[in-house]
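Novice: So the chains spell out like this:
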Amino acid sequence: MSLRIVVAVKYVPDATGDRHFAEDLTTDRDAVDGLLSELDEYAVEQALQIAEAADDAEVTAVTIGPEDARGAVLKALQMGADKGVHVEDDALHGTDIIGTSLVLAKAIEHIGYDLVVTGMASTDGTAGVVPALLAERLGVPQVTLLSQVEVTDGKVSGRRDGDAASEQLEASLPALVSVTDQSGEARYPSFKGIMGAKKKPLETLDLSDLGVDAAEVGLAGAWTAVEEAAARPARTAGTIVKDEGEGGKQLAEFLAAQKFI
Amino acid sequence: MAEVLVYVDHVDGAVRKPTLELLTLARRLGEPVAVHLGPGAEQAAKVLGEHGAVKVLAADAPEFADYLVVPKVDALQAAAQAVDPAAILVPTSGEGKEIAARLALRLGSGIITDAVDVEAGADGPVVTQSVFAAAFTTKSRVTKGVPVITVKPNSAPVEPAPAAGAVEELAVTFGELARGTKVVSRAARESSGRPELTEAAIVVSGGRGVNGAENFALIESLADSLGAAVGASRAAVDAGWYPHSNQVGQTGKSVSPQLYIANGISGAIQHRAGMQTSKTIVAVNKDPEAPIFDLVDYGVVGDLFQVVPQLTEEINSRKG
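Heads up: the protein sequence lines correspond to chains A and B, in order. At position 53 of the first sequence (counting the first as 1) the number is 53 in our numbering, and the numbers step up by one without a gap. At position 193 of the second sequence (counting the first as 1) the number is 193 in our numbering, and the numbers step up by one without a gap.
Rather than coming from a laboratory, the hints here were simulated on the basis of the structure. Remember, predicted model here, so these are calculated numbers, not experimental data. Idealized CB from N, CA, C, for every residue including glycine. It is possible that part of the hints are untrue.
Unchecked claim - Which chain A residues face chain B? A few, computed with CB under 10 angstroms, are given here: (1) Asp96; (2) Val130; (3) Ser147; (4) Ser166; (5) Gly247.
To be verified - In silico negatives: residues of chain A with every beta carbon more than 12 angstroms from chain B: (6) Ser2; (7) Leu3; (8) Asp33; (9) Asp55; (10) Ala57; (11) Pro66; (12) Asp82; (13) Lys83; (14) Lys106; (15) Ile111; (16) Ser190; (17) Lys192; (18) Lys199; (19) Thr204; (20) Lys249.
Unchecked claim - According to the in silico footprint, chain A covers these stretches of chain B (three or more CB under 8 angstroms from chain A): (21) 105 to 118; (22) 184 to 197.
Build the full structure now, drawing on both the sequences and the hints.
Specialist: What follows is the structure, encoded as structure tokens:
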């Protein structure tokens, strides 16, 4: 039987751009060009590698977001995913983490899965909790923050490198895994991949397709509220000296004056 | 007075510093009640009581070590039901955030992660976060359920505040999913003997300019002269010069020490995201145009192979 892999991806404002908040204190998605979150490229890569190692597998990339967010799914298709799903609905604007996990879980159930693969965090919100929330909602084992992963005989196993220890984990499918940036370099789409992606199925769904009540999501339905967002005050210009042979001593003098020595 | 749950991060009963910082924040919101899972509750309770825990809810079972995350969520859920807390504070870490998230969902609560400050407010705790690679500071609130908040290390001082800290047993029933992900084996990280990166008061980091694994000895010597932790930029880690566990930046650790010394690090956004909230920032870099110099309180434009050894020697001689 075919191994059904769903990889969740996010379209984010480029982290190297000058990111801002919009007037309603949501992330301003117009100010900076968007792209597939770099950390999700690792998820797509591992999903593809697991699919390639299986006899028969299908990889579906799923995202939530406004029209542009389609770009994240398209990139995954270019890299080699078989089909895409884009959940788009005006009611989603301002949805927080809890709401995002609800819609994603519904979409993943709609697609059907044996294995869900995600990145470790998005590069915009950076909370890194959607994988755990998805596992809780789907009621499947969470095998998360893996730097190495493999699927054999209906089991997923992998290595989780934590602060205090490195752990070898194992769970039965269906399961959810998240992978870190240490899991292996993501491939670049080939020219053939880019051309072929245009012909791959990309389904667009709205909240009613998933049976989600609009009141449960969006800014009004959020479980948290951002009340203030202020640009961090620019750091006051520091002292910069050119090393003329005494740079180390001058620096020690500064550190002593600041009572670090 | 309302009770505030604090999840205890510990190693066999040795309480890690970020938990004590959480007790400081919890006292602003109510009476701290610590939740200790695994061995060593009596040992931990002494320290937790000294820092304000009115009681310590303790549970020990092999499941906490043998299975990932979920058994701890079951226990915290039981604690939340026993106490009816005004807020739940969890230290920010990979595991801490996962526990907090699942707990929030079960309790029907909102969650805010990576707080750098928490204050009491008229409508519940006001949570400060540093976002978009620390370019913005936000203040937020949880608007549904019991606020579940994860707090980054070094976000509050450790303050003595003697309280009872009496140990009470917490009854935990494990759910169906508790044994879903088995920890087949565990290899403890070798200790460097230096402070934990995220907890350290001083961090000394090296980047591309260090130019080789063997040259990290220079960075380590400087760190040791200051009793500091050692960090590395993504460039240095990707080159294989230093372990990923020491990476500072968006995909590594986020640090907020009193002093951060960047050596041979240009200061790309990836790196800044992990260190920009440091109190005092110092850099040594041969390129006067390096963006790191926009952040510094003190910068030396020069060759780190000259400047760093001289600095280390000067510090060691001043310490005498």
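Novice: For the hint on Ser147(A), just tell me whether its beta-carbon gets within less than 10 angstroms of chain B.
Specialist: holds (8 angstroms)
Novice: Any Cβ of chain B at or closer than 12 angstroms to Ser2(A), or is the non-interface label fine?
Specialist: holds (23 angstroms)
Novice: Regarding the assertion that Asp33(A) does not contact chain B, is the least Cβ-Cβ distance greater than 12 angstroms?
Specialist: Holds, since 14 angstroms exceeds 12 angstroms.
Novice: Decide, holds or violated, for the assertion that all CB atoms of chain B are farther than 12 angstroms from the CB of Lys106(A).
Specialist: holds (14 angstroms)
Novice: Are all C-beta atoms of chain B more than 12 angstroms from that of Asp55(A)?
Specialist: holds (25 angstroms)
Novice: Are all beta-carbon distances from Lys249(A) to chain B longer than 12 angstroms?
Specialist: Violated, since 5 angstroms does not exceed 12 angstroms.
Novice: Against chain B, is Gly247(A) within 10 angstroms by beta-carbon distance?
Specialist: Hint on Gly247(A): holds, closest Cβ of chain B at ~4 angstroms, below 10 angstroms.
Novice: For Lys199(A), is the shortest beta carbon distance to chain B beyond 12 angstroms?
Specialist: Non-interface label on Lys199(A) holds, nearest chain B Cβ at 34 angstroms vs cutoff 12 angstroms.
Novice: Say whether it holds or is violated: Asp82(A) keeps its Cβ farther than 12 angstroms from all Cβ of chain B.
Specialist: holds (27 angstroms)
Novice: Let's test the interface hint: is any C-beta of chain B closer than 10 angstroms to that of Asp96(A)?
Specialist: holds (7 angstroms)
Novice: Taking the shortest Cβ-to-Cβ distance between Thr204(A) and chain B, state whether it exceeds 12 angstroms.
Specialist: holds (27 angstroms)
Novice: Min Cβ distance, Ser166(A) to chain B: is it shorter than 10 angstroms?
Specialist: holds (5 angstroms)
In this structure, only the earlier hint numbered 20 is contradicted, and the remaining ones agree with it.
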